[in-house]
Structure formats: structure tokens, C-alpha cells
Amino acid sequence: MKEKITALKAAFPHTIPVLTGFAFLGAAYGILMNSKGYGVGWTVLFSLIVFAGSAQYLAITFLTSVFNPFYALLMTLMVNARHIFYGISLLDKYKGTGKLKPYLIFGLCDETFSIVCSVEPPENVNRNWFMFFITLLNHSYWVLGSAIGGLVGSMVSFNTKGLDFVLTALFVVIFIGQWKTRKDHKPAVIGVLCSVICLAVFGRNNFIIPSMIAILMVLTIFRKGNKEDNKLSKESVQ
Amino acid sequence: MTLSPVRTLIIICMAAAGTMITRFLPFIIFNGSKSNNSYISYLGRVLPYSAVGLLVVYCLKDMSFKSSAYGLPEIIAIACITALHYWKENTLLSIGAGTVIYMALVQFVFT
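These protein sequences, in sequence, are chains G and W.
Mapping the first sequence onto the numbering used here, position 154 (from 1) lands on 154, and the numbers just tick up by one.
Plus 238 on top of the position in the second sequence (first one is 1) and you've got the numbering used here.
Source of the hints: derived by calculation from the structure; they are not laboratory data.
There may be inaccurate statements among the hints.
Said to hold, decoys possible - No more than 16 Å apart at the CA atoms, straight line, and that leaves these computed lysine to aspartate or glutamate pairs for EDC-like:
1) G:K161 - W:E327
2) G:K9 - G:E123
3) G:K93 - G:E120
4) G:K9 - G:D184
5) G:K180 - W:D300
6) G:K4 - G:D110
As the list claims (entries may be wrong) - Far from chain W, some chain G residues (derived; all Cβ distances over 12 Å):
7) E3
8) S65
9) S118
10) S140
Claimed, not checked - Computed footprint of chain W on chain G, listed as stretches where at least three residues anywhere in the stretch have a Cβ under 8 Å from a Cβ of chain W:
11) 18 to 25
12) 77 to 87
13) 127 to 139
A quick note: this is a predicted structure, and the numbers were derived from the prediction, not measured.
We put the CB at the ideal spot given by N, CA and C, even for glycine.
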């Protein structure tokens, strides 16, 4: 027990930035769900078992349009595809975490990933419990934040017109962040251009799948063209 | 418009399943050994950037240049987010301010 408390104490300070972030984004999510007619119960259920901010925001669009579970699954896969690469980078770190492993993987959101891959616990702290509490604390901030938002939304009534834009703002900010950290802008430009062209050709209800195929094709073509460059740059890095 | 409880539950399960597939897949596939497939690792490097580009376009798919606002609320809000994010580089500030600006524009300016 003492071991767990030490790990919790060591984990907590690292999660404070996430606490503020999730309080804000979670509350906005709860308010938005409420404004679309989904009460705090649905909000909490969502946050508890999905625990993925952008996917949950995106899911609102599926809760307020024609029922299409396949599309919901596909778009969630698309939004969260980046998690695959978080998993790949944590294969070694999560090896040997035993019974905690399923929960650690379940709770691997962007914020948890960024802490877990960059922070090492002090020497007297059990590493597995340390990572467990980082995940658990972040998860509970998200659930609590969205619950508060759901409650506030049901008690205080204000004009929520345009609040959906929080999702657009989120992706624009991620896009800009990526743009700044990567010198090669080709993948980002390919993503936008293929989508815009497919939107114009196939219309707004049918452009997602064609866009995904187009993006994969263009990226594959560019890889062939750049293969030699990649090899060179890899060698120079090593 | 809200879905029936059963349908809502199905959408929740889809969102949960989609998320869990992306989180558990690497641990299931590469149980023990890291991937040496260069095509997969290439996609791993570039796909996250293209995917976010697609998501931005997806969010703006209902924007109309023919409406009375000519898509100006979206354009102005995104311009503000971009400027703010280059200047302060604070994710929450950029998202919060951008959303408030957009809400103000659609509620008071382009009504």
C-alpha cells in the first residue's frame, strides 16, 4: 500500500498541466453534449469508456446526424490512428507491467503518452505503479471535467451556437503545432489537398473514404520518389 | 436531433472500439518484437500529419461560401487561432479564444 501511495505522490505533479487542460476541454465537451440533448449520464459514460478527446468531440457529429455506426467506427479509427504509433514507441516500456498493462494501454491518450514517454520516476518509486497513476489521474480528470461541464450545461442556459467550433479549433491547433515542428510539410499538404479535392468531387457526405485512399496512394508515390533521400538522411542521422 | 438510447449506445461502442483498436493493435501485433517493416514505419512518420489535414477539412465541410456570411466566421476564427498560436504557442488559449471569437461572430455579427 505504501508503495502505491509513494507512486501516486510522485505521479501527481506531472499531471497538473493535464488537470487544467482536461478541466477546460472536458467541461466544454460536457456543455456541448448537453446542448445537443445528451445529459450528463451519457457524457460520463462516453468519457469513462472511450477516453479520447478528439474522438468524443467527433462522435457528437454522429450523435446528431443520420445513424451510421460504420462511419462512426471508421472516423474514430482515422482520428485515433496516431495512437498506433504511441503504442509502437511504448512497446518496451510497457513490457513487464503485468496486470496493469491492459489499463495502461486502454488509457493511452495523447497527454498520458507525452508524460509516460518523457518522465522517469525517482529511484525509490515503483515504475509500473507510477505509470498507472499517471494514466488513472488523467482519466479521472477527463471524466470529472466532462461531468462538471454536463452539469453546468444543464443548469445554466446560454446561447451555445457556434460551440461546435471547439473541435475545428482543436484540429487547427494540432495542425499548426505539427507544421511548426516538422520541416517537411509534404504530408500535411497532401492531407489537406487530397481531402479538399475529394470534397469537391464526392460531396460532403461521401468524401472521407476516397480521401483516405487518395492520401495513402499519394504518400506511397512520394515515398518511392524519395526513397533514396530517406536512406541518405537515415544514414546521416546514424 | 438526438438518437434513441440504443443507437446512442451503439455509437459509444463504435467510438470505444475504434479507440481501443488503435491503442491495443501495436501491442498485439508486435508482441515482443519491434516492426522492421520500412513501409509501415514510413506511414507511421507521415500519416499523422496527413490525417490531421483531413480532419481540419472534415470539420469545415459544412462551410459555405455561398451563404450570407461567405464562410467569413470560419476564416476569421482560423486566422486568429493561427496568429495566436504562432505568437503564444498555448494550446488551450488558442482553442479557447478561437472558439469564443467564432461564437461571437455567428451570434452577434453574422446572424
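> Among all the numbered hints in the text so far, which are the ones the structure does not match?
Replying inline: 1, 4, 5, 6, 8, 13
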